[in-house]
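Letter by letter, the chains look like this.
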Amino acid sequence: MMRHHAWRSLAWISPSMLLIIAVITLPAVQMVWTSLQLTDETGVSHGFAGLDNYHRLFAEPALANVLSNTVVWLLLVVGVSIVVALALAQFLNKRFFGRRLVRWALIVPWAASLVMTSTVWRYMLEGGNGIINRFLMDLGVISAPIGWYQDPRYAFWSVIGVGIVVTIPFTTYVLLAGLQAIDPQMYEAGKMDGAGPWKAYRYITLPLLRPALVIATILVTIYVFNSFPVIWVITGSNPGNFSDTTITWAYKIAFQEQLNTGEGAALSVLNVLILIVVIMLYLRAVNGDRERQSWLGRTWAVLTDRLSERWGRKSVAGPVSVVASDRVRRRVWPRLRPVVLPLAGLLVAAFFLAPYAVMFLSSFKDGTELYAVPATYLPQNWEWSNWVDVWEVLPLTMLLRNSLIIAVASTALVLLIAVPAAYYTARNRFTGRTTFMNLVLITQVLAPVALVVGLFQEVVYVDGVNQYWAIVVVNAAFNLAFVTWIMNGQFAGVDRAIEEAAMLEGLGPVRRMLRIMLPVVRPGLVTALVFTFIQVWNEFVISLTVFNDPTNDRVTLPVGIQQLVGLNQTNYQYLFVASLIATVPVVMLFIAIERHLVGGLTAGSVK
Amino acid sequence: MKVRRRTQLFSLMSACAVLAASGCAAGGTTASGTTLDQASCDKITSGTAAGASTSLKGPSGSSQSPRIQQASLETGLSKATASSKTISFVGGAYTGTTEAYWKDLAGKFEKANPGYKVNVRIIDWNNIDQQVSTMIQTKQYPDVLNQNKFSGWAANGLLQPVDSMVAPSVGSDFIPSFKENSFYQGTQYGLPLIASTRALFYNKDIFAKVGIEKPPATWAELVAAAKKIKDAGYTGYGLPLGGEENQGEWSLWMWSNGGEWKSGDQWGINSERNVQTLNFLNCLSNVYKVTQPNPGQTNRTDGVFRPFANGQTGMIMGASFAPSLFKQWKSNVNYGTAPIPLNNGTKPFTLGVQDYLVSFKKPGNTEAVSKFLNFFYQTDNYVRFLTSQGFLPTTQSASAALKSDPDFAPYLDLLPIAKFYPSTDPNFPKAQGTLEAQLGTAMTPGVDPKSVLDKIQSAATQGNGG
Numbered sequence: 354m355m356r357h358h359a360w361r362s363l364a365w366i367s368p369s370m371l372l373i374i375a376v377i378t379l380p381a382v383q384m385v386w387t388s389l390q391l392t393d394e395t396g397v398s399h400g401f402a403g404l405d406n407y408h409r410l411f412a413e414p415a416l417a418n419v420l421s422n423t424v425v426w427l428l429l430v431v432g433v434s435i436v437v438a439l440a441l442a443q444f445l446n447k448r449f450f451g452r453r454l455v456r457w458a459l460i461v462p463w464a465a466s467l468v469m470t471s472t473v474w475r476y477m478l479e480g481g482n483g484i485i486n487r488f489l490m491d492l493g494v495i496s497a498p499i500g501w502y503q504d505p506r507y508a509f510w511s512v513i514g515v516g517i518v519v520t521i522p523f524t525t526y527v528l529l530a531g532l533q534a535i536d537p538q539m540y541e542a543g544k545m546d547g548a549g550p551w552k553a554y555r556y557i558t559l560p561l562l563r564p565a566l567v568i569a570t571i572l573v574t575i576y577v578f579n580s581f582p583v584i585w586v587i588t589g590s591n592p593g594n595f596s597d598t599t600i601t602w603a604y605k606i607a608f609q610e611q612l613n614t615g616e617g618a619a620l621s622v623l624n625v626l627i628l629i630v631v632i633m634l635y636l637r638a639v640n641g642d643r644e645r646q647s648w649l650g651r652t653w654a655v656l657t658d659r660l661s662e663r664w665g666r667k668s669v670a671g672p673v674s675v676v677a678s679d680r681v682r683r684r685v686w687p688r689l690r691p692v693v694l695p696l697a698g699l700l701v702a703a704f705f706l707a708p709y710a711v712m713f714l715s716s717f718k719d720g721t722e723l724y725a726v727p728a729t730y731l732p733q734n735w736e737w738s739n740w741v742d743v744w745e746v747l748p749l750t751m752l753l754r755n756s757l758i759i760a761v762a763s764t765a766l767v768l769l770i771a772v773p774a775a776y777y778t779a780r781n782r783f784t785g786r787t788t789f790m791n792l793v794l795i796t797q798v799l800a801p802v803a804l805v806v807g808l809f810q811e812v813v814y815v816d817g818v819n820q821y822w823a824i825v826v827v828n829a830a831f832n833l834a835f836v837t838w839i840m841n842g843q844f845a846g847v848d849r850a851i852e853e854a855a856m857l858e859g860l861g862p863v864r865r866m867l868r869i870m871l872p873v874v875r876p877g878l879v880t881a882l883v884f885t886f887i888q889v890w891n892e893f894v895i896s897l898t899v900f901n902d903p904t905n906d907r908v909t910l911p912v913g914i915q916q917l918v919g920l921n922q923t924n925y926q927y928l929f930v931a932s933l934i935a936t937v938p939v940v941m942l943f944i945a946i947e948r949h950l951v952g953g954l955t956a957g958s959v960k
Numbered sequence: 002m003k004v005r006r007r008t009q010l011f012s013l014m015s016a017c018a019v020l021a022a023s024g025c026a027a028g029g030t031t032a033s034g035t036t037l038d039q040a041s042c043d044k045i046t047s048g049t050a051a052g053a054s055t056s057l058k059g060p061s062g063s064s065q066s067p068r069i070q071q072a073s074l075e076t077g078l079s080k081a082t083a084s085s086k087t088i089s090f091v092g093g094a095y096t097g098t099t100e101a102y103w104k105d106l107a108g109k110f111e112k113a114n115p116g117y118k119v120n121v122r123i124i125d126w127n128n129i130d131q132q133v134s135t136m137i138q139t140k141q142y143p144d145v146l147n148q149n150k151f152s153g154w155a156a157n158g159l160l161q162p163v164d165s166m167v168a169p170s171v172g173s174d175f176i177p178s179f180k181e182n183s184f185y186q187g188t189q190y191g192l193p194l195i196a197s198t199r200a201l202f203y204n205k206d207i208f209a210k211v212g213i214e215k216p217p218a219t220w221a222e223l224v225a226a227a228k229k230i231k232d233a234g235y236t237g238y239g240l241p242l243g244g245e246e247n248q249g250e251w252s253l254w255m256w257s258n259g260g261e262w263k264s265g266d267q268w269g270i271n272s273e274r275n276v277q278t279l280n281f282l283n284c285l286s287n288v289y290k291v292t293q294p295n296p297g298q299t300n301r302t303d304g305v306f307r308p309f310a311n312g313q314t315g316m317i318m319g320a321s322f323a324p325s326l327f328k329q330w331k332s333n334v335n336y337g338t339a340p341i342p343l344n345n346g347t348k349p350f351t352l353g354v355q356d357y358l359v360s361f362k363k364p365g366n367t368e369a370v371s372k373f374l375n376f377f378y379q380t381d382n383y384v385r386f387l388t389s390q391g392f393l394p395t396t397q398s399a400s401a402a403l404k405s406d407p408d409f410a411p412y413l414d415l416l417p418i419a420k421f422y423p424s425t426d427p428n429f430p431k432a433q434g435t436l437e438a439q440l441g442t443a444m445t446p447g448v449d450p451k452s453v454l455d456k457i458q459s460a461a462t463q464g465n466g467g
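Heads up: the protein sequence lines correspond to chains G and A, in order.
Start counting the first sequence at 354; every next residue gets the next number (the working numbering).
Start counting the second sequence at 2; every next residue gets the next number (the working numbering).
Among the hints, erroneous ones may be present.
As the list claims (entries may be wrong) - In silico EDC-like links for lysine to aspartate or glutamate, alpha-carbon gap of 16 Å or less: (1) A:Lys140 x G:Glu811; (2) A:Lys104 x G:Asp902; (3) A:Lys86 x A:Glu273; (4) A:Lys118 x G:Glu722; (5) A:Lys331 x G:Glu722; (6) A:Lys263 x A:Asp381; (7) A:Lys104 x G:Asp906; (8) A:Lys118 x G:Glu736; (9) A:Lys451 x A:Glu273; (10) A:Lys328 x G:Glu722; (11) A:Lys290 x A:Glu368; (12) A:Lys328 x G:Asp719; (13) A:Lys104 x G:Asp546; (14) A:Lys331 x G:Asp816; (15) A:Lys229 x A:Asp206; (16) A:Lys140 x G:Glu745; (17) A:Lys331 x G:Glu736.
Derived from the structure by calculation, the hints contain no laboratory data.
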């Protein structure tokens, strides 16, 4: 019986296992191997080096600075994003005119490729011709232009700011989903007991939001730690290490400054270890026998208790921090509400859409005006031809087609493989289940950029270079963890009674999953689908390495667009046009299924 | 006035300024050796002919001792195996049209040589080092590679000698100085692909407006001109020391002050003369304040060429490919070109930069690679590449063909006095990488320029092998 069970579990999860081992574990082993090899400047290996690369790394004078940057980056970006997202989620959970529009506005930064978003931010943060300087000077905040990403005094804070802005939308959506799952009756009960808004938030909202908050924090921590494009695009070419984190520094060590791939690999190994430790510590802190038992829980409780004491009488209307006296709350607020909320919504939407508005307007400017000092808000001469010429500059039709094929196929493959595994692990306890789930968690932690050498070697070995199937399989593997995770949570959240009825009717597990469970977890399925689609659509490093053959029309959109960043100049106008064209299909997809999306993000939980 | 008198006083000590410039520069101010003031800055440009005698004359051309043994070994190897008719070409994206050019050329080549196939792969310059390193680590060598270096691969024995792979008519067509710069230990491994040279660009309208009659020929004149231009509300001199291309800007200033990358076989990046040069760049930015803000973090194309094209800057170190950029940007800046301003009585020169085509050893690829290379260097194909990408030719026939092109003509004449990076030294890529990543930090007030140059020197002298 037991053996039969173990054999059966293999049928459900072995495709996932195979994919993870082949595409992620083997290259990870290769990364560790490289870190123990002596590799010269050109990439040629000269044998075993022992721990030399690690010694060399620890002797780097910049190490302390880069490590402290990494800590600051992680704490500030994750911390501020979560706090702001909590407030935004609370806000977007209220009913007001134009709410849907604000939600859509928040989708755009999430759907746009990070490389492109970073590029437009870099353009906006320029010293002389930057539009941010123009804006601040018009407002009278500053009197002379500031080199936001050039001046070493501001560079790191600028990238942290951008990091926060691009992290908020995703975080908000995860938390919003959590808020929507809270039963409104809970608040009714709270009101009966005389709880004010702050007490209701503290004792009803926050505890119930906890699973969503934990998921958001872990996903965001991984995402922010591994975030390469923001820092790389904006300050990557700045001399010095003023704004390097361990991720960008590993790249510099391997390919730009030290030209030592062994040492770069050593830092990548260290990165993975640091991240695993951070996540373990975090999980331990939040799961340590409910709140008051753990250090984090205790601190949190002390902090909120003190706050509620202090604001207890005046009471705070939710995390938006509108301090309101009772009188205001009862008499004035209901009258102001229909005006204030949409207005605030408009401001939020404008803020998050601003970079893309700049992108859109700049796409109509000519080469000279793009660099005009001071920057212009609206194009003086509308160069409509940019939008026509770009189709000649880039083979856009081919690029769009390839990206579409790969994104659709990868998404389909990952759902096909991960959903059964998620269903099975959610419903059955079996030997190796924990190992499997841990393996899945770890794959989420590994950044593709660190694995690219081993991956390429494997793809060469199976003769898959420039083949659709190879890039599809690799993309599927990198998104497997996320889909498994989300879907596992979804399935686990469904009442077993629904299935038991079907079981009595004699339906096998496959049919139960397909006929009974999938319709129930549709929101989660949609979430997984959108996520994978976007990730694959915007993926750059792996496509560049294993799928780049212009002779046979095999190039993906992000790789194709990158060609516009030439040796001596960046054609911003074409870059912006192409980026917008690339973003439109994703935003449309998002808007089409936004309603499902919010429901699906957090039905899962982390154990 | 006060300043000028002090300058005269200090000129008495010009010998000191030449022999131990950095020490003297610091001597008048603080003991830390990092603070520059007006007087110590002025002193750098007051050194005259005496400097020339101490300038280091590094023979940057490679030694020509031929290693026939090695070459014959390679040809013997390739004959033994079956030949392959499909080859891969990996190149960098110089402009948005580079990929289209190579794709088109491969198509034409395949049509002219039925049965042969060239798989093109173009990578943007931000990622090409990482991608090529990945290929080398996984032993997936491209048959033909377009890069700006070759000696490291040659030192590892990965490249095949190319002189025998191109027809004699192609091999003898290269401009000698470029061909000489393509050898590693006596064997030619690189085919010169493109070249560029540098010159001082100055805005004629601004010069007329502030009353400067001719472009500066010395550092002292450059400072004087830049101050006038700055007082009129423009950037006096555009100084790009950001990571994009600061090795070019640095080489120009270093050489014009009589410094060198290497003296003889020894790296000399942190020589006293070079410290003096870096101090002077610091003076331009922090003491005379005639540059744009944050020169240490300014990149060349966006941060210096663009403002110049928009008429905001008085002077820059321009490049031969800049006019084609200005044209693309529809700039109507009225500018002239002049030789690089000199200091310490250095001889006139320009910086010549060349990129290469190299071929990796792969069994049986010699014939197809050879056919493709000969096809590419046919004058019409080659000239089409140069004009579409905006670079100078490295062959005599293409030079002749482009002689009448106004965008190319002024720079073609400079080619004979071109000096090159020591790119034939396998350690150069690492020295360059460290320089790109560190040089700009020397512009931060309070940073000791010597310590920055020391870092680059140690990167150049210590291999990763330890």
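Taking the numbered hints from earlier one at a time, note which ones the structure violates and give those numbers from smallest to largest.
-> The structure conflicts with hints 3, 4, 6, 8, 11, 13, 14, 16, although it agrees with all the remaining ones.
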